[in-house]
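Two chains, two separate frames, one set of hints: put the complex together.
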Amino acid sequence: MKRSVLLVVNGDKHEMFIEPNLTLLGLLRENLNLKGAKEACGIGACGACTVIMDGKPVNACIVLAVEAEGKEIETIEGLAEGNDLHPLQRSFVDHHSFQCGFCTPGTIMTAKAFLNRNPKPSRGCQGNVNSHTLMTTIFQGVNKRGVADHE
Amino acid sequence: MSEFRYVTKGINRTDGELIVTGRAMYACDMELPGMLVAKILRSPYSHARIKGINTDKAKGLEGVKAVISGADIGYRRFSFIDTPAFPADQTPLAVDKVRFAGEEVAAVAAVNEEIAAKALDLIEVEYEELPSVFDPEEAMKEGAPAIHEIVKPNTTTAWEDFGVPSSKSRPYKTVNNISNKNLIQYGNIEKGFEEAEYIREDRFEIPSTSHVAMEPHVAVASFQPTGKLDVWLTHMGYEHKRFWLAKLLDIPISKVRVHKTYVGGAFGGKISIFPFEFIAAYFSRVTLRPVKIILPREEVFAGCPPSRRMIVYLKTGVKKHGRITAQQVKLIDDVGAYRRSSPTALYLAHFFRNPIYSIPSIKHEGYGVYTNKLYTSAKRGHSLSQMVFAVEAQLDMICDELGLDKVEMRFKNFRKKGDTLPNGDKLRSYGLPECLKEAAEKIGWEEKYGKEKFRGLGIGTASMFSGAHNFPFSSAAMIRLNHDGRMILYTGQTEFGIGVDTVMAQIASEVLNCPLDYIVVNSGDSEVSPHDLGNWLSGGIFVSGEAVRRAALDLRDQMLKHAATGLDIPIEDLEMKGGWIIPGSDKSKRLSFSDMSRYGIQMAGGDPFIGKGYVKCVPEVHFWKGKYNKTASLSSGKGRFTEAYGLTLAIAHVEVNPETGEVHILEIVIADDCGTPINIKSVEGQIMSQAVMGIGDVLYEEVRISNGIVMNPNLLDYRVPTANDIPKISSIIVDSYEPNGPFGAKEVGESPRAAVISAISNAICNAIGERIYDLPMTSDRIKRALRSKST
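Residue numbers (numbering that gives the first Met the number 0), protein chains in the order written: chain P, 0 to 150; chain F, 0 to 790.
Next comes chain F alone, as it looks inside the complex (with noise of 0.2 Å):
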């Protein structure tokens, strides 16, 4: 790694001063003049139809400005997800009936806060309550209560908008209540069970987490007289937010402009359109005065969606020796309300492990089902933590069973660096097996294992897209001379916790040898960017970098090529070094920028130097008017999704109190492959940050519902880890380079939550010699273990 320069190097935060001084400007602090507020009223009911709705009270409260209901907006239809063969299924204001309690009934625009409270005590609404069904397995049940019908698209899908090669967009008619399927099959299932010597089949159940990102979920709309939309958002990549603000209120998506804006965490939560962000945009259009919307936090707990609750039904083969021959899947989403990214998800919770373990027989079936529940959707490593914490488990039973050694036995297991997947994905780096090795040593597995009363180690795995093929389906940068000889950078990419405009100058920075301050930084603003992938799926390093790099490399050869007309040197004499360009012959002709600039304004007609680069997530992948290639679908999981996968694993060494079944975690060991870390302090801090959160999965944190109704919708009764709770971690960079990421560099900003879930949980039960099937793993479900266990 000492080649490079900046590249690799821990840097400071480029915006760090912004962010100590508070100066840090986040949507939630965004003040217009005239700005109205906006609030929302949400169903009470769980299901229930809706009988009539009586606004005119709200209306006339003095200081309203517009009152607004799901009969002014009508079949409006979103969806994180809107294709074909899954239409958007969700309308920003419930039409003609409430599916979950939480949903959004009304809205009022008001001059200020309190008025706009007032308001929405007065809308009268009339309820006819409606059985509700809120087990998943029981709303998959013949006879149970509908929760949608029949979902008829008005409009073209998404998918059609974006050009997926796919046919018209059909009405969707749910059959018990079952919103979307897939079926993922390689090898030969039944052949893979009878090769096997030993068989397994388990039930493991996850809930609900919130993402609990630190700022509240904000819109800041204001609709100009010129008919175009700046809005300012919490979000994780403008593409989509802007894609479906301009389809809901049908204006050009070149007319909305997502401002940059400062975003207090993600992980998922904030991805893709939600109601109160149209709500927001619509009140603001039909005012013509700026609006704005903070959800307080009992709304982001009740009426966004936290992550995917998962039933994983799972059925494990293998040889006495452990190597496994076959792998069944039957996984069932419980999507609550709305479909949301569950034909994602599903696809989701195969592929993100499929790097992992060399499984010659698959069969992956997934259902998503629709209950009367808060709806659910992406978070930090999308279904990857619900499947493998069911696998990881599952392995290290057979383990227990058969006297495997749980190292050995992930060894034998492993895919190789240069695999290809079934679905044509390939291995180019491939770290995991050092990640275990080094993870081992670290936390000393054979001094510990087996030889400690109360106290246990587990081992957990993952792996992670570093981008995928969904839209924009490709990022772009373009990098500006000034003619002061530094450069301005453009990025669409978000500031959310990511470090983004320190990564991005450094890898430009590295590419012109400049330092590091000649580059400023313009990120996430839509109008000024090229369009990008957003900071989800993980592309933001490897595509979007990639994108930064190339566009600086595009720079760097316009410069030279100037460069070497105007000296009459030959090119390949030219060195970029420090903000300079040196001829290697005669160092006294050097050149600086600020002197390129000039030079294209005075001698080359006034070229004012734009470099600009861009990457397709999956080069071989295309469609375009009836040509199509591998594009890659989501219910048959054929198809490449992605160039490159980031790899974790992780290793717990927990101590349980028998009496109280208290946890303590000792250490937690987190091996990362994510090929060369572009600054290693911020992967060091996206890595601990995820531990951090996995710590919380599985002791404390559960979205809980009881009869549709969210119980601990704050941050008192929904416990997160805190300074006490954190435990020493550390975090191995393993030696690993990725050909076709920029330096080598690839995912790393999802995957190690899902090791750290599965290494603790698995560690505890380790601790307890008894398997706990379900998190989280509170002190009370380990004594139940414990007590089941002695009896």
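So here's chain P without its partners, still in its complex pose (with noise of 0.2 Å):
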């Protein structure tokens, strides 16, 4: 039985008609065509599908499009400001953050959540681009092999 669900994706309301057991992930790749977000395990293990719901990073693979009903939801689509990147953005480029980039979408929303949460996690250091100088050169290890364990 279908339903209908609203919610805001990257500041643009949606209010569509959807099979309940549609994940979050198919919603934004299927219905909307953001394809940013990536299946690449299908059962929330790799962080590949990773996008923001209301703040909290989550693998929109194991996320029912239901559950988001009313929620804001930001994906990787949404993160640039027209045509200036986003720090975390212009960081992975600048510090060869990615190879393939196939998990690089999910690896920065979850950057971007951390750092929503804890701005200066570096002591006197200048907020995102320096913490996200050492996350990159944890992610640059494992972005080939994607599997970024959010913890």
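There could be a bad hint or two in this list.
[As the list claims (entries may be wrong)] Calculated pairs, SDA-like style, for lysine to any residue (alpha carbon to alpha carbon, straight line, at most 20 Å):
no.	chain 1	residue 1	chain 2	residue 2
1	F	K117	P	D53
2	P	K1	F	G62
3	P	K1	F	E113
4	F	K117	P	E76
5	F	K117	P	M0
6	F	K425	F	S635
These are computed hints drawn from the structure, not numbers from a lab.
Note that the structure is a prediction, hence the values are computed from the model and not measured.
What follows is the structure, given as structure tokens:
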């Protein structure tokens, strides 16, 4: 039995009529044609599908679209301000923080949620870019294998 | 390196913005109007005769557009290797019987995934189960269940199509499940062992590991009413894909277009053709609608080939001072249900490690053996890691037995720069001794070795081709000048994580001495780019990059020649700099590249200025209409393979908890001879990612198969390293210059993984003072080894 959901994605309101078993990832990729979040494992183990829901990172492949009712979703497509990359995106480019890039949108969204909670994680350093430098060093190693455990 | 302007620099990826905004288009992102979704029914049995398939109910389901089984497709055979001696043994859908659990039996194309899945449930297959054999050494015995009786080619083989000199294709009769074998010998093995003062014999076993490319396997196919096939694939080079799609569908190669896609990792796992790709194309042809197949991760694990399972019997003879006199290898490649690349693997297992040590006498015999398990294939350094794992482990054991210094022993046996290998390959660059020297210093070998309880040090080595003489045997590139003075560079290289567009632009910019953004790269489109070797056997930079360099040189020469005529100034007086052609005698007469485009059109009869460049993998190898020279043989190892070898040496420092068996890697140092690094940052990234992959190979990873069933087909049960597992990893690029490579560059994308695997595993064994012969070295295995030591 289809149900209607209302959610906000990257600031845009969407009212949709969907199957109850549709995942948030399915809604984003198939219904809204936002292809940035990727499916790599389908069981919430790898983080390639990470988007931000009401400020928290979620694995969109194991969140039902109906759970997103009334929520604000941020995806990689909404991160840049017009033509200006978000500092995290810039930092990923400047630090060679990706190879094949398949998990990069999910990794960046995880990092963004982390920095939202924790805007100055490294003592005395200048916010995002520098703290991201540290994360990049970690991610450099894992990004091809991509299994970025969020914890 | 300072004389370079663009090459060697760690320039940011020119397509970086595309990736970080989620705009890079992967095959799984492709949408086309009216696109159908296809799904595959796979065998639950590891060995069974198919007595009948009824697809009527599935066909009757609303929304289903086509259903096929092996009976519709018949014996259209394909394989990674398809030679007259080893003809292709696999079909896209099982015809008469299934040979592994997970084999493709039938497929459905429907308007959406849900309907396709429902339709699969409605397909009725009647199986008659047959006895299975899972252990390759059992499978080789008389009386074991026969998996393939006889393979009868019904077309020419791929090698005949490629023009490789060989006899006509003939049936392959399988005896004792042996799918293929090879024998490589040189020196005098008996005499070599007679001269030895110490001989060791050991057995090692290496399981399959998955590539875990983050993007699962995907095919999107769109067959046009005009007879053309457009495809978007997860791949590592379009030539093999379009060759096989054309052959299996009986359409001209030129009518198959492999479009550019970003590929979410490959590591050898996406090479050559797969059944699902044929199925997507076939469905598109019969429905005249675009068709998409995305394999779920479980099907990638249980239906697509992981790395090769190998058993290595190794016998080495040495003098008391450590010089190796002879080495004998018996290699058993447990190929699974289909042979795929095993003939290649068996010879690569020898040749990838041949440049490391100078061993006067070698006997290397290999057997590919069919079993009723998931078939296997290449993974980053095809067979290299399996072989050097065994060789380096045994060298460490020999050193322990004879009280030899492990560093010195390796120095004593290394080959030398300028050496010619027994098959004629030359080591024009050879930085392995420098790698060992620098890595040992960096990690503090002398200060630490043997002085720390439950800590250990281990060395690993590796070498790898820089491209090999395989179809299409050469790479070419084109570069075209535009009205604005910018250039479009066409290369067939595929982007699956190596930064192709960036490094190729760096090479062209270096030659043309123009800003990097003057070069727009169009890569990986089979209809636009000239032929290309593809991104496997590590020929990307050495072969295709050199083709780009030569194309840029050709364009440069054309522009300078016309500039000299146009300005009436001798060509020797002209210099290219910063996107200008500048006469040394009168700089005010300088011409922009845009001026040259106009000159070509207005004054040179409309000349568009197109530069072309091409490189043969091994120039001296050729075959054409009965003329041939130095053609390589997979079975005997004779003939030339490559023009340059990349080399790696890794040292790992680990700590083992004797109570829990847990390994804590303290540090890994990887010294690499890749010649000139074209982009230092991407070279470091390549090395880093292989170190991480190697950690997984040693500590955790194994595609566990029990009674033919893959037991861990998902990313929760199949553990790979995550951020918390990454130790301090340093890379050292030793000073080296490969004379035949573009600006002195050669391979870097495959050999570090093998070196890291050996280094970590040797370090673990050094830490616990006991040898473990099998991978992975899990905490359970380590605890067992420690227990056996104490009893």
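Verification of the hints:
1. Note on K117 (chain F) and D53 (chain P): the hinted pairing is violated, with a Cα-Cα distance of about 35 Å set against a maximum of 20 Å.
2. About 19 Å separates the Cα atoms of K1 (chain P) and G62 (chain F), which keeps this hinted pair within 20 Å; it holds.
3. Pair hint K1 (chain P) plus E113 (chain F) holds up; C-alpha atoms about 14 Å apart against a cutoff of 20 Å.
4. Restraint check: the Cα-Cα separation between K117 (chain F) and E76 (chain P) comes to about 34 Å, which exceeds 20 Å; the hinted pair is violated.
5. For the hint pairing K117 (chain F) with M0 (chain P), the CA-to-CA distance comes to about 17 Å; that is within 20 Å, so the pair holds.
6. Restraint check for K425 (chain F) and S635 (chain F): the C-alpha separation of about 19 Å stays at or below 20 Å, so the hint holds.
In this structure, the earlier hints numbered 1, 4 are contradicted, and the remaining ones agree with it.
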